[in-house]
Amino acid sequence: RLTSVDDVLSLRDEISEIVDLGEILVDFGDFLENGRRLEPAAYCHEWWLLELKEKLNSDCAHYDAHLNKEDLTNVVAALLREKRVPGMKEAIEISRRYDMHLHPAYTYLWEDISAEDRKFLASYIRERGILEQCRECGGALMIPSDENVKAILENLLVPHRIIKKKRFNTLFNVEEREFICIENPAALLECLGISHRNLRESVTPLKTRQKAPTRIGVRMGRPEKAKERKMKPAPHLLFPLGNFGGRNRSLRDAMRNRVIDVEIGVWRCKCGRESLFPRCSCGSHITAEPVKMQKSVNIYEMFKQATEKLGIHVPDVKCVIGLISKKKVAEHIVKGILRAKHNVFVFKDGTIRYDMTNMPLTHFKVEEVEGLDVEKARELGYTRDIFGNPLVSDSQVVELKQQDIIIPVDAAFYLMRVAEFVDDELTHLYGLSPYYNVNRREDLIGKLVIALAPHTSAGILGRIIGFTRASACFAHPFFHAAKRRNCDGDEDSIMLLMDALLNFSVSFLPEKIGGKMDAPLLLIPYINPKEIDKEAHNLSIAYEYPLSFYEATLSRKKPVDVNIPTASERVSERMDAYGFGYTHETSSITAGCLKSAYKRLEKMSEKMDAQLRLAEMLRSVDEREVAEIIIKNHLIRDIKGNLRAFGTQKVRCSQCNAKYRRVPLSGKCKKCGGNLLLTVHASNISKYLHISIQIAHRYEISDALQMLEMLSEDIQSLFQEDNQRSLTDFL
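Residue numbers 1 to 731, in this note's numbering, belong to the letters of the sequence shown in order.
Please keep in mind that the hints were generated in silico from the structure rather than gathered at the bench.
There's no promise every hint is true.
To be verified - Listed next, the in silico BS3-like pairs over lysine-lysine satisfying Cα-Cα at most 27 Å (straight line):
| hint | residue 1 | residue 2 |
| --- | --- | --- |
| 1 | 309 | 326 |
| 2 | 607 | 348 |
| 3 | 607 | 640 |
| 4 | 232 | 119 |
| 5 | 232 | 632 |
| 6 | 516 | 348 |
| 7 | 670 | 227 |
| 8 | 230 | 327 |
| 9 | 341 | 447 |
| 10 | 295 | 512 |
| 11 | 230 | 348 |
| 12 | 401 | 447 |
| 13 | 599 | 668 |
| 14 | 599 | 230 |
| 15 | 326 | 512 |
| 16 | 119 | 227 |
| 17 | 376 | 447 |
All values derive from a computational prediction rather than experimental measurement.
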């Protein structure tokens with residue numbers, strides 16, 4: 001039984017089968033939000049403690065002379081406070097003394113075996129079991145190895161091992177036999193009605209609750225993400241080059257022409273001059289609206305003036321073919337040079353974004369957040385822990401403020417480059433003092449960002465308080481809800497506040513429907529919890545669920561009929577809703593897998609092989625069904641789609657990147673005379689065909705195999721390389 005991340009990492013290469021995946025915590029608020037009846041809860045440590053407290057307060061409890069009621073109440077209080085699990089002997093004694101169900105730590109999955117199997121196991125142990133001291137495991141139950149017995153023990157989730165022991169079957173003949181060794185078998189024996197002191201004595205079986213009354217299936221929706229936002233291809237500057245920049249939209253390539261003819265917005269100053277930017281060369285600010293026109297631009301001279309102003313070595317700057325806004329407003333060329341210098345990329349609205357998966361968080365320890373210490377936390381306003389004690393240790397738990405965020409380490413390094421770009425922009429373009437002055441990632445702590453979700457136009461102001469190794473953004477549920485996200489695999493972006501204030505402009509956005517989405521048109525400086533989605537209001541905030549809740553799950557009551565404190569109770573009190581509780585401690589907010597295999601493995605064949613290997617290891621999963629779903633729902637559809645795309649594809653010019661729905665009669669590009677290339681290649685069609693056929697053969701999926709063989713014949717007939725025959729070949 002693996003109970004920690006360290007156990008899994010140390011033994012992962014030795015695992016041959018996963019019998020059970022364990023338990024998962026589902027918040028009461030999920031049932032309340034979806035209006036679903038409560039499912040029977042698994043018997044857990046918290047439930048057992050509540051039952052013990054009730055037994056202590058009842059008249060039916062029988063107390064030992066050495067342990068009075070007051071002492072036992074103190075013990076229970078300590079157990080609740082420390083969340084300590086009793087030892088096996090203590091659990092058995094408490095169960096017998098107070099007529100309680102056995103503690104869940106020593107309760108096996110009795111509901112997963114039949115009454116006949118239970119009877120057979122008890123009889124087998126009575127007749128053939130031996131209690132003895134074992135060198136490998138100390139006191140243990142030894143029973144001769146038997147396939148049926150082992151299968152029952154595995155279904156029960158009883159930890160055991162197979163060992164070999166020598167036995168005398170005659171006076172001088174020694175044979176080596178396999179035994180099933182069960183360490184600390186008392187709970188198993190007492191539940192079977194067998195005394196753990198003498199296997200021949202019968203006792204009243206211990207009372208148990210169902211350990212796994214409800215099972216659910218889970219699957220990965222989408223892998224985690226923490227990566228800079230890039231357009232395809234990724235530009236440094238929103239400035240049109242037309243076809244003069246080549247297929248790479250290179251400013252350096254466009255400069256070879258010196259003067260380029262592009263469609264761009266032009267301002268006309270009162271002095272009579274025309275300018276590509278709202279500040280005229282005469283020094284005045286132009287208030288008139290720009291006019292879209294076809295204009296000849298001396299890109300060489302413009303670039304030369306910008307580099308002389310900056311006084312830096314100029315890297316290659318990537319631009320765009322054309323602008324998508326109504327008035328074709330372009331960015332100042334200095335911005336693109338500085339972005340290229342710091343290796344950051346612009347989005348369509350002029351901002352620089354970093355995308356991250358959303359992760360909800362309500363509490364944390366200072367030691368869990370990289371870059372943060374107690375002194376810095378106090379400066380940020382975290383002066384007391386959740387119990388009201390002054391914050392003096394990095395192991396104290398504090399409640400996360402609603403607009404504070406913890407960002408990935410990779411995001412911190414990218415935002416450092418963005419901050420350097422903004423400082424250079426302020427200095428060289430606007431003649432102002434630098435704002436961020438970031439020299440190390442810790443300098444970002446306390447800085448403000450704008451968080452923005454796709455399909456919305458209102459950014460939420462946030463504050464960076466530290467960093468994490470996880471590929472996700474930790475933030476308060478209210479913060480995510482204010483962005484209209486619900487943390488079911490969603491991702492959105494952040495941008496430095498000063499970058500958005502300096503570089504965002506509605507003038508860059510397209511006029512088409514939806515063009516103003518995913519742009520910070522509005523900024524929400526303070527979150528009003530009353531205005532966010534009510535899904536976040538249904539979040540439970542109790543430090544523990546009452547006994548009535550667990551009993552309500554057994555009768556599948558409606559969540560509205562159960563009284564559990566939720567965030568909505570805090571929202572109605574004041575603007576800032578704090579005082580949230582939580583039910584379970586965690587060793588670390590980033591414990592576990594920080595990078596999924598889907599992202600770690602590069603080739604799709606490796607990803608599919610890993611998925612099928614995992615399916616074969618999981619006892620609860622039918623690997624043939626998984627393979628069938630992969631082939632029918634993904635691979636075959638992909639092959640068919642690519643085959644259809646090949647027949648309807650466009651062609652593009654290798655030089656200017658112009659695209660044509662049909663090949664021109666000349667066979668050359670009509671704009672520049674360049675060679676034409678296919679946009680969908682034969683390799684795209686057949687890339688999954690071979691592995692699909694292999695999987696279909698491996699798992700004997702006959703109907704899918706027939707479809708794949710038909711597709712294979714179609715592809716071979718389409719791309720066969722037979723030489724063209726002439727009439728003379730048949731003479």
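Against the structure, the hints:
For a cut-off of 27 Å, the pair hint linking residue 309 to residue 326 is broken: about 30 Å separates their Cα positions. For the hint linking residue 607 to residue 348, the alpha-carbon distance of about 33 Å lies beyond 27 Å, and the restraint is violated. Between residue 607 and residue 640 the alpha-carbon distance is near 21 Å, which keeps this suggested pair within the 27 Å criterion. Distance check on the hinted pair: residue 232 and residue 119 sit about 66 Å apart at the alpha-carbon level, beyond 27 Å; violated.
Between residue 232 and residue 632 the alpha-carbon distance is near 30 Å, which puts this suggested pair outside the 27 Å criterion. Restraint check for residue 516 and residue 348: the C-alpha separation of about 10 Å stays at or below 27 Å, so the hint holds. Distance restraint check for residue 670 and residue 227: the Cα-Cα separation of roughly 39 Å exceeds the 27 Å cut-off, and the hinted pair is therefore not satisfied. For the proposed pair residue 230 and residue 327, the alpha carbon gap of about 23 Å is at most 27 Å, so the pair holds.
Only pairs whose Cα atoms come within 27 Å are accepted, and residue 341 paired with residue 447 is accepted, the gap being roughly 23 Å. This hinted pair checks out: residue 295 and residue 512 have alpha carbons roughly 24 Å apart, not beyond 27 Å. As the CA atoms of residue 230 and residue 348 are separated by approximately 10 Å, the hinted pair is consistent with the 27 Å bound. Note on residue 401 and residue 447: the hinted pairing holds, with a Cα-Cα distance of about 15 Å set against a maximum of 27 Å.
Taking the CA atoms of residue 599 and residue 668, the gap is about 41 Å. The hint is violated against a cut of 27 Å. With a CA separation close to 18 Å, the supplied pair residue 599 and residue 230 stays within the 27 Å bound. For a cut-off of 27 Å, the pair hint linking residue 326 to residue 512 stands: about 9 Å separates their Cα positions. Straight-line distance between C-alpha atoms of residue 119 and residue 227 comes to about 57 Å, which puts the hinted pair past the 27 Å bound.
Taken as a hint, the residue 376 and residue 447 pair is honoured in the structure, with Cα atoms around 13 Å apart against an allowance of 27 Å.
The structure fails to meet hints 1, 2, 4, 5, 7, 13 and 16 from the earlier list, while all remaining hints are met.
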